[in-house]
Amino acid sequence: MTDFTPLSAMLGGLLIGLSAALLLWFNGRIAGISGIVNGALGGGERGWRWSFLAGLVLGGGSYIWITDAAPFRTDFPPGLIVLAGLLVGFGTRMGSGCTSGHGVCGLARLSMRSLVATLTFLAAGIIATFVSRHLLGVPL
Amino acid sequence: MSRLKHDGSALAAGFIFGLGLGIAQMINPRKVLAFLDISGGWDPSLAVVLGAAVTVTAVAFRWVLRADRPILHPEFHVPTRRDIDKPLVFGALIFGVGWGIGGYCPGPAIASLALMHWESWLFIAAMLVGSWLQPRVSPTFADAAVEPIPKQVED
Numbered sequence: 001m002t003d004f005t006p007l008s009a010m011l012g013g014l015l016i017g018l019s020a021a022l023l024l025w026f027n028g029r030i031a032g033i034s035g036i037v038n039g040a041l042g043g044g045e046r047g048w049r050w051s052f053l054a055g056l057v058l059g060g061g062s063y064i065w066i067t068d069a070a071p072f073r074t075d076f077p078p079g080l081i082v083l084a085g086l087l088v089g090f091g092t093r094m095g096s097g098c099t100s101g102h103g104v105c106g107l108a109r110l111s112m113r114s115l116v117a118t119l120t121f122l123a124a125g126i127i128a129t130f131v132s133r134h135l136l137g138v139p140l
Numbered sequence: 001m002s003r004l005k006h007d008g009s010a011l012a013a014g015f016i017f018g019l020g021l022g023i024a025q026m027i028n029p030r031k032v033l034a035f036l037d038i039s040g041g042w043d044p045s046l047a048v049v050l051g052a053a054v055t056v057t058a059v060a061f062r063w064v065l066r067a068d069r070p071i072l073h074p075e076f077h078v079p080t081r082r083d084i085d086k087p088l089v090f091g092a093l094i095f096g097v098g099w100g101i102g103g104y105c106p107g108p109a110i111a112s113l114a115l116m117h118w119e120s121w122l123f124i125a126a127m128l129v130g131s132w133l134q135p136r137v138s139p140t141f142a143d144a145a146v147e148p149i150p151k152q153v154e155d
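Here the protein sequences line up with chains L and V, keeping their order.
For the first sequence, my numbering gives the first residue as 1, with consecutive numbering after it.
For the second sequence, my numbering gives the first residue as 1, with consecutive numbering after it.
Think of the hints as simulated: they come from the structure by calculation, not from any bench.
Please read these numbers as outputs of a predicted model, since none were measured by experiment.
All C-beta atoms in this analysis are idealised placements derived from N, C-alpha and C, irrespective of residue type, glycine included.
Please note: incorrect hints may appear among the correct ones.
[Claimed, not checked] Heads up, incomplete: computed chain V residues facing chain L, CB under 8 Å, no partners named: (1) SER2; (2) ILE16; (3) PRO29; (4) LEU33; (5) ARG66; (6) GLY102; (7) ALA126; (8) SER131.
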């Protein structure tokens, strides 16, 4: 298990909120990662999307390089990573958003669609975690 | 020049987002699963991350959207849909199950690519396949938001 880290969680959350605010203020866009990924591969106006995604890799990378972070787990079954990825890609496209688009940006806009989506994926995530960890014995 | 500024500000926003995910340790799937696992030893950090982020955006969005247009772009692209439909609910359900199995959602998976660990690379590859499959497997649920309609974007 991991420890509750309220200060770093608060600081990280503030930065995520700041990022979403800047993207809307300067570019007029919602910081929904799944939508940005799909648009970068499919829609028009790909430049800002690829730029944002490059920044995302570099920002996460800076933290990783500065703290010299190592992989957080090594014994997770690859088959379950594939299953999880397929479900996340399929579901976020079907539901028009993920944790950032519905969770961070949608809730801030008081969108009922995003509130329903967020409560749904939180509930589904809690149940799926319980089943996989406690009933099927998948390692954390 | 304006193109450069436009993409540069998106790059900067992405950088801050990724740094935030790193500092909040959301790039650690074990930390995400420790939040989703409410049966003992619960780690509520993710709720603090989400709460802090939503607080900032809730205040900032209201202020930003008072302007006629964004600083570097002719118009705001904000979702306009209000209907609660089946694709929204089933999509969120499917996403949540995948999130609860692996501990990754799209942002942290991308922000953790620099770990050079097989997990996030494999996850992203599978995620792209899943996203590609969705409109092909369930065409009636096809997501209008990914078509290049300027006014309608993803939430």
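Each hint, compared with the structure:
1. SER2: At 11 Å from the nearest chain L Cβ, SER2/V fails the 8 Å test, so the hint is violated.
2. ILE16: Holds, because the Cβ-Cβ distance from ILE16/V to chain L comes to roughly 4 Å (cut-off 8 Å).
3. PRO29: Constraint on PRO29/V satisfied, holds at 6 Å.
4. LEU33: Interface hint status for LEU33/V: holds (5 Å vs cutoff 8 Å).
5. ARG66: It is violated, given that the least Cβ distance between ARG66/V and chain L is near 11 Å, above 8 Å.
6. GLY102: Holds, because the Cβ-Cβ distance from GLY102/V to chain L comes to roughly 3 Å (cut-off 8 Å).
7. ALA126: holds (3 Å)
8. SER131: holds (4 Å)
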